[in-house]
Amino acid sequence: RTFTTVSSKNSFIASYTPDGGKTVGVGMPVSFTFDKVITNKKDVQSHITVTSSSGQKVVGHWFGSQRLDFRPEQYWKAG
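Residue numbers are given in this note's numbering: position 69 of the sequence shown equals residue 69, and the series is strictly consecutive.
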């Protein structure tokens with residue numbers, strides 16, 4: 001048997017905040033930070049889905065080429 005993996009040149013790692021179960025304020029975004037510069041932001045963003053239990057529409061916004069934040073247009077609904 002043989003198998004192949006993606007080379008490190010063609011892969012990246014993302015960390016996100018807030019971690020599951022944490023209590024945060026109504027202004028806190030869901031933020032992804034990537035370990036490499038993202039050159040195809042639209043493609044990466046299209047593979048990330050963030051939903052809210054309140055049903056608020058959530059949109060993404062890039063800060064530079066390594067951070068992507070998601071939040072609703074207004075503050076999150078409390079609770």
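Simulated from the structure, these hints should not be mistaken for laboratory data. Just so it is clear, CB atoms sit at the ideal spot from N, CA and C, and this is done for glycine as well. Careful: at least some of the hints might be erroneous.
[Unchecked claim] Below 30 Å or equal to it, Euclidean Cα-Cα: the simulated DSS-like pairs (lysine-lysine) are:
hint	residue 1	residue 2
1	K36	K57
2	K42	K57
3	K36	K9
[To be verified] Each pair of labels, with its calculated beta carbon distance range:
hint	residue 1	residue 2	range
4	V59	K22	20 to 28 Å
5	S7	S54	38 to 46 Å
6	T5	V26	21 to 29 Å
7	G27	T2	45 to 53 Å
8	R1	H61	38 to 46 Å
9	W62	K9	20 to 28 Å
10	S46	T17	16 to 24 Å
11	G55	T5	33 to 41 Å
12	K22	S65	25 to 33 Å
13	T2	Q74	46 to 54 Å
14	S31	F3	15 to 23 Å
15	G64	V26	22 to 30 Å
16	D43	T4	20 to 28 Å
17	S7	K42	18 to 26 Å
Here's how the hints hold up against the structure:
1. Note on K36 and K57: the hinted pairing holds, with a Cα-Cα distance of about 28 Å set against a maximum of 30 Å.
2. With a C-alpha separation of about 18 Å, the suggested pair K42 and K57 falls inside the 30 Å cut-off, and the hint holds.
3. The straight-line distance between the Cα atoms of K36 and K9 is roughly 10 Å, inside the 30 Å bound, and the hint therefore holds.
4. A hinted range of 20 to 28 Å for the beta carbons of V59 and K22 is consistent with their spacing of about 22 Å.
5. Look at S7 against S54: about 41 Å separates their beta carbons, and that is inside 38 to 46 Å.
6. In this structure the supplied range 21 to 29 Å is violated for T5 paired with V26, their Cβ-Cβ distance being about 41 Å.
7. About 50 Å separates the C-beta atoms of G27 and T2, a value consistent with the hinted range of 45 to 53 Å.
8. For R1 paired with H61, a C-beta distance near 44 Å keeps the hint of 38 to 46 Å intact.
9. Restraint check, W62 to K9: a C-beta distance of roughly 22 Å satisfies the suggested window 20 to 28 Å.
10. Here the CB-CB span from S46 to T17 is close to 21 Å, well matched to the stated 16 to 24 Å.
11. At about 39 Å, the CB distance of G55 to T5 agrees with the hint of 33 to 41 Å.
12. Range check, K22 to S65: about 27 Å between beta-carbon atoms, so the 25 to 33 Å window is met.
13. At about 52 Å, the beta-carbon gap between T2 and Q74 stays in the expected band of 46 to 54 Å.
14. In this structure, S31 and F3 break the distance hint of 15 to 23 Å, their C-beta atoms being roughly 34 Å apart.
15. The hinted window of 22 to 30 Å between G64 and V26 holds, with their beta carbons roughly 25 Å apart.
16. Distance hint check for D43 and T4: the Cβ-Cβ separation is about 21 Å, which falls inside the suggested range of 20 to 28 Å.
17. Between S7 and K42 the beta carbons are some 22 Å apart, a value that agrees with the proposed interval 18 to 26 Å.
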